[in-house]
Each structure stands twice: as C-alpha cells, then as structure tokens.
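Student: Using the sequences and the hints, build the whole thing.
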Amino acid sequence: MVEFPDINPAIAELWLALAAMALLLVGVLRGDSATRSVLWLGVLTLAVAAWLVWSNTDVSAVTFSGMYVADHFGAFAKVLILVGSALTMILSMDFLEKERVGRPEFPVLVIFASLGMMVMVAANDLLSLYVGLELQSLSLYVLATFQRDSEKSTESGLKYFVLGALASGILLYGATLVYGFTGTTSFTGIAGALASSEEQSVGILFGLAFVTAGLAFKVAAVPFHMWTPDVYEGAPTPVTAFFSLAPKVAALALFMRVMLGPFGGISDDWVGIIGLLSATSMVLGAFAAIGQRNIKRLMAYSSIGHVGYALMGLAASSPGGVRGTLVYLAIYVAMNLGAWGVILSMRRLDGGMVENVEDLAGMARSRPLLAAAMAIFLFSLAGVPPLAGFFGKFYVFFAAIDAELYLLAVIGVLATVVGSYYYLRIVQVMYFDEPAPSFVAPAGTTGAVVAVAAVFTLFFFLFPAPFVAEANLAALALFP
Amino acid sequence: MDWPILSTLTFLPLVGAAFILVVRGDAAVVARNARNIALWTSVIAFVLSVPLWIYFEPADAGFQFEERVDWLAEGITYHMGIDGMSLPFILLTTFLTPICILASWESIQTRVKEYMIAFLVMETMMIGVFAALDFVLFYLFFEGGLIPMFLIIGIWGSDNRVYATFKFFLYTLLGSVLMLLGLLWLYFQFGTTDIPELMRAGIDPFWQRLLWLGFFAAFAVKIPMWPVHTWLPDAHVQAPTAGSVVLAAVLLKIGGYGFLRISIPILPDATVTFTPLVYALSIVAIVYTSLVALMQEDMKKLIAYSSIAHMGFVTIGLFTFTPAGVEGAIMVMLSHGLVSAALFLCVGVVYDRIHTRLIARYGGVVNRMPLYAAAFMVFTLANVGLPGTSGFLGEFLVLVGAFQANTWVAFLACTSVILSAAYALWLYRRVIFGVITREDLKAILDLNKREVAILAPLVALIILFGVYPMPILELFHAPVENLIAQHELALEGLRGATNFAAVQ
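Protein chains in written order, with our numbering: chain C, 1 to 480; chain A, 1 to 504.
Treat the hints as calculated values from the structure; they're not laboratory data.
There's no promise every hint is true.
To be verified - Sample of chain C residues with no beta-carbon within 12 angstroms of chain A, all distances over it, derived:
no.	residue
1	Asp6
2	Leu41
3	Tyr130
4	Gly265
5	Ile266
6	Phe287
7	Arg348
8	Asp402
Stated by the list, open to error - Label pairs and their in silico Cβ distance ranges:
no.	chain 1	residue 1	chain 2	residue 2	range
9	A	Pro4	C	Pro368	27 to 35 angstroms
10	A	Met470	C	Ile290	49 to 57 angstroms
11	A	Phe11	C	Ser55	23 to 31 angstroms
12	C	Ser150	A	Phe190	54 to 62 angstroms
Please read all numbers here as calculations on a predicted model, not as lab measurements.
By construction, the Cβ of each residue, glycine as well, lies at the ideal position given by its N, Cα and C atoms.
Tutor: Below is the structure:
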C-alpha cells in the first residue's frame, strides 16, 4: 500500500484549491449577482491562506515524494503572492462593477492563479514546477481576455497565450534535456548529479539555457519581454495590475529556486547570462518607457526595468543577493499596487476610463491626495530616498557590489537616472501642467489600498530591520 | 546630553509640515494658516538651534551631541552628531528658512499649503545632511532634498521651469548614484558606513581614487564646479525667490561640506592625487564664470554665475590643506550663504513690483527706493569682498592658503577679486543709478516693513562677521586643525594610535 503523503506542508495550497472550487460553485449557482460577495470571500480565502503559510514558517519539509518543498523562502514568497493577489482583488472590485464585466469567475481565476504560483515557488521537481506554472499561466490567459467584448482584451489574451505556450514549450524542452543528461527531474537529484560529475556535458548547458529562456519569458526580462507592453495595454486594467504583481513575484522566486537549487553548483555557467538579462532589462526598461504616452504601456516597460534590478540580486548568487531580490519584490509589490490603484481611479466624471499620461494633467489640484500618493509611488519607483523604492535598490546594489559585479552595478545606477526621467514626467504632468477635466472620487476600496500602499512606501525607512531580517531568513533557506 | 536635540531639530519642520497638511477650510484661511504655521515652525527651529551653539564646546575637535540608534543593519546606524564644521551650516539653514518663508509671504499666492510643506521638508533634509554621521543617512538626506526642490522649482517657478527642474534633478541624481555605489563598496570592505569609523579605515590607494571620483561626481555637481555647473543658472533663474535663496545659500554648500566631511578625511591619498584637477577646474570656474557673469542680462543669472565663481574659491581653499585655506573656504561658504541669499532676496523685491529680472528694464531705482539701494550696496560690496564685510575674510584666507600651496593658483584666483568687482558693481550701477526712464519705475515703492525685517538681519550679520568674525571662526578652528593634522598623518601612513580616536 502506498503511504499517504504528509499534507501538512501544503495545507495552505489545499485550502486554496478547495475554497476556490467551493467559490466556483457559489458563483455557478447564484450567477453574476454574486460577484461582489464572491470577491470578498475570495479575499478572505487568500487571507486565510496567507495566515496558514505565515503560521507555518518554521516548517521545513519535503513531501509528495520529494516533489514539493516547504521552507522559509517559499513562505516569504507565498505570503507576498497572497497579499498581492488579495489586494489586487480589492482594487478590481470597483472596476468590475463600473465596467459591467463582473462575473464570479474573476476571483476564482485569481485564486487558481495564486494556487499555481504557490506551487511554483514550492516546486522541488521539474514536474511540479511545470504543473504550477501552467496552472498559473492558463488562469492568467483567461484573465487577460476577461473583458470579452473588448477587442483589445481578447487580442492581448490571445497574444499572451500563443507566446506563453511557446515559452512553456521552450522550458519543457530544456527540462527534458536536463532530465536526459542527469537522469532525474528532482531538484535535489539534479544538484547531486551535477555535483558528482567533474565536467559538465554540453547537453546540460543546453538544457540550462532553454530553462533560463523559458523562465526569462515568464518574468519578462529582455530579450524575452516583447509580449509585455501589448498584453499590459490590452488586458483590463485590474488584470494588468495583477500581472505586474503576484506573477512577477512567483516567477522570480521560481527563477531563484531553480537557479540556486539544482543549478546552484554550476553558477559560474549562468551568472553571466543572468547578469546580461539584468543589464539589458534595466537599460531597455529605462529608455523604452520614455516615449510611452499610454500609462499602462509605460508601466509595462517600468516593470521590465524593475525585473532587471530584481535579477541583479540573482546574478550575485549569494544569500545577500536573494535577500536583496526578496526585499526588492516586496517593496515593488507595495509601490506598484499603489500606482495601479491610482491608475484605476483615472475615471472621468462622465464615467469613462482614460489611460494616457496627459489625462493626469493637473491632478494635484483636482485630486490633491491621490496626486500626492501617486507622486510618492513615482518617486519611490524612481528610487529616490527616503522612500521604500530606494531601499529595494539599495539591497540589490549591495549584493551586486558584494559579488564584485561592479559593471552591472554601474549600469544599474545609470539606468536609474534615465528611468527617473519618465517617472518625473508623470509628476510634472500631475503637478506642473494646467488641469485636465477632473476624475471622479476613487472608490472606497481602491482608496484604502492606495492609502495603505502610500503609508508603507513613505514610512518604510523607519522600520526596515525586521523586514529585512525576515527576508534574510528566507534567503538562507536556499543556501543549506 | 540626554535629550536628542539634533533629531528634534532635524524633524521638527516635518511636524510643522504635518500640521499644515491637516489644515482645512476655504482657500484664504488655508493659505494664511499655512504661512503662519510654517513661519512659527521655522522660528522655533531657529530658536532650538541657538542652545546648540551655546552648549557647543569649540575647543573640542570631535563630534558632539552624538546620537546613535540601530537602523538598517549591522554597521549602518542612525548616527547623528556635529562638530565645528557642521554647526555653522545648521545655523545658516535654520537662520535662513524663516527669512525664506517671509520672503514668500506675498509672492507665493497659488497652492500656498503645498509650498510651505515642501519648504519645511526641505529644511529637514538640509539640517539632516549636516547632522548625519552615517554615510547612508547622509546620502538619504542628500538625495531626499531633491524631491521638495524639484517641486518648488517645477510648480512655483517661472516660464521655463520644467526644463530647469528636470535638469537640476537629473544632474544631481546622476552625480549621487555613483556615490551610492562607492558607499556600498566601503560597507563591504569595512563593515560600516559610520563616517568617523571610515576616517580610521586605511583604504588601498587604487580604490581610493575610484571612490574619490565617484564622490567627486556627487559633490562637484552639487557645489557646482565647472563644467557640470550648467544646471545652476537655469535652476536659479527659474526658481521662485525663496527657492533661489535656499539653493544658493544652503544646497550648494552641501557639496563643499561633502568634500570636507567625506572626500578629504576618508580618502586622503586620492585627494592629494586629484588636487591639481580640482585646482584647474576651480580656476576655470573662477575666470570663465566671472566673465560669463559680466555679460548676463538677467539679474538672477548674473548672481548664479557669481555663485559658481565663489564656489571655485571654496574648492581651492579646501584643497590647499592649510589651516588658512580650509578655514577660509568654510568662511567663504558661510559668507556666500548670507550674501547670495541677500542678493536673491533683493532681486525678488524688485521682481515682485515690476515682474521682470532684466537688468535693462531697471535704472535709477535709487531715486524711488533709497533704503533698498543702501541694502543692495552692502550686499554688492560683500559679494565683491570688501574689507569690513564677511566676504573679505574668507577670500583673503583662501588666498593666503593658496599662496602657501601653489603661487600660480593663488595668482589666477586673485583675478576673481577684480572680475567680481567688475560684474557686481556694474550690475549695481545699471540697476540702481541713473535716471528713471520707465513709467512703472516712477511709481515703485521702497521696502515695506516685511522686507526690512527680512533684509535687516542679513545686513547686520554681514557687517558683524566682517568686523568681528571670531564667534564663527573659533567654531571650526579646532576641527580644521585636526582635519589637517590627520590628513598629514594619513599621507605618511601613520594612521592608527594617534588617530581620530585621540580626539573623541
């Protein structure tokens, strides 16, 4: 008789799966009118899951025949994912209602995507990695097309699906090569096989390159970023906000786990690639965003740039680097969440959403508090102290200097300066230009999320130590 | 002292800003309350900074009023403290902020609330820079000041403000990010970013040079040195009067202070290596920007170029490594803080009335505004460096130091004495003397009470420090001696037992 696996380490995931199915049933039985309650129940579900993860951070266990690992690193990333998902769900409420696209599938898909992400960051085997990744991706493809009547939304979903499927294919191909040359799909097994052989075969390197390319696509690092601006622009705004938050955290956490886990022993072979991905992402993100007029496209390029900074921590391939990336991601989630909250509030008095940078003109006078919050997020995204974004950059540069990646660090700081231009341009439009027609007052739910994010971003410098210590513990879990 | 007076002083303006933030009511009430709260906050800050001076022990070359709290990580603490080199700058800041707020009393009519908040945040950042003894903290305040200044120029500036404020922000940011990398490197080598501790760390000469260039990028842009000075005339011209005052009087000094606090003591070998470079750039700045100043048609631009020339004096003085030179440089900075502030305020006075800064639009102002002409005279002469004004002593000491260090540098720097007289007096003649030809000038009114209250303390201080500079000079005499002694020891490779530890 097969022994029943220990389900304790995966209790949060199981809860999420069961709850999502139950919510789906509620949605099916009660129809579209139940959207709001299902959304709130969804937020509650995610919050409970986050609590389950958080209260089990001490658990460090491998289960499901070694396919699944629960450790501090995973817990940190999972909490971040769940908080990000829950808050974007709150952000989306107002939009779904006003645009009349509210359907209970929305929260259910978000929960399934979050479940996929949790499996990704907890994967200890190429197979579970792929299962998690696909669960996440398929949910996201559907979410991108959620505004069914909009051509742009459908187009963006289709684009995302085709390119995403290609990337999954590349990743799978890489995985088969790795399996072929090491004889195992388990991360522990691969690490062991790589450690036991003196010289690495070319096949492994090919497999590594394909896996890296697939993962780089998922995090949207240059040169695998092409899909991002189009998908970000086309998808319904709350979905875009969701794309830029939780899936980024999950994909980067997975990236770190794969690179430092099974391939940690041959880091010399991949540090250069990651460094290149990081440098090109930072530079392209900074320059390409300058010309954007649509704020969603601008945020897409901005997110590409930010992935570059996050990858810098991975390129350092040290506990300090992982810590830097984790801190960076957490801060990134907070300030981006706020910025998307403001973008979701760009609704004219006649009810239409607008999404050009010019539409923000003079917002400092018509909506001073919202404009002040946006300015905080933008200065923070630009990395100006004493806002949170500065500390995010601080810790990754910290790691890069420690790993003697001086060139990468210099490219990074110069890209910061270029990048600050387009963030400042938005501040300019909001504060210096003559007012455009005013926006309606932001919904209470959106306003609350923006306020929380603004307070976090503004006052992070007062209490960084416990937060960084937590990230440090998480990072050490990857370096046994 | 138990009470954390430095932190109180630094963050007090933020408290004022928070009060302004919650002011509610109709526009006129909000504006009036915002002005009053800002003025009172800055006056209280000034009053608080006076005991700092009284209880300060000038004979002690070490740091006083120290505070230290755990902050970011091991070795990166919230460390505040002042010595004789930072105290005068803190006093300058707290002294000028109420004056700036008074100067904006009537000229700022739109979005008064935001303006006052930005100004108070600015004050916090400026005091913080001079009080920080941890490099990361220093950096935080150094860069944090960019945000309020960006908004002050961008929102309340003149026609071309957007260009000017972006230029200001991006130049300064570009300079300072390189400093950030340098400071991270220091942390990894020595496990601390504590400035007094870093002074004790002997750094490999090769790395010193790289770091020095990184820090130089930050400070040279800030002070500013030729050829990275071009942001300054734009920013000065476009900024509102009080913005120009703060820029010229305090923000530029942060660059000089950075050399004094960081580059010279932490990187002694590289400092010596690059001294010829600094001399060369400073002399170009003095001669070239003085000539450029002669040809300006805009009053503010002329004063801006004159500031760059004066800062050239500062950098020469700092890099002579003689007591006279360094003390002179600090004195020039302080005097220039008062004089340039006063000159910009004077421009603001007539700008508020006629709404132009073009020199050609004026002439014969003395006929209508005798008080104004008298005040402007004092400031012009102080800018030239006439004996009896605060401007003289600093320039004189710098030249003495420069002669000891390098005769040719001193010779070329001396040309500034002539050139500054040329542009400053010519400006004065064109604006003040002559016959009134313009209709609007015939009706111009002399200084009102508020303006007298702004300019009178500046006149008094400029003359007082010209005649009796001891109270200021004695503040930084001991730390400068110590700085130079340590510098020489470091060059001889004798860091260690007889080190900074001895004076702390």
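Student: Work down the list of hints and note, for each, if the structure agrees.
Tutor: Going down the list of hints, with the structure as the test:
no., hint, verdict
1, Asp6, "holds (37 angstroms)"
2, Leu41, "holds (37 angstroms)"
3, Tyr130, "holds (38 angstroms)"
4, Gly265, "holds (25 angstroms)"
5, Ile266, "holds (25 angstroms)"
6, Phe287, "holds (14 angstroms)"
7, Arg348, "holds (23 angstroms)"
8, Asp402, "violated (5 angstroms)"
9, A/Pro4 to C/Pro368: 27 to 35 angstroms, "holds (33 angstroms)"
10, A/Met470 to C/Ile290: 49 to 57 angstroms, "holds (54 angstroms)"
11, A/Phe11 to C/Ser55: 23 to 31 angstroms, "violated (37 angstroms)"
12, C/Ser150 to A/Phe190: 54 to 62 angstroms, "holds (57 angstroms)"
When the structure is compared with the earlier hints, violations turn up for hints 8, 11 and for no others.
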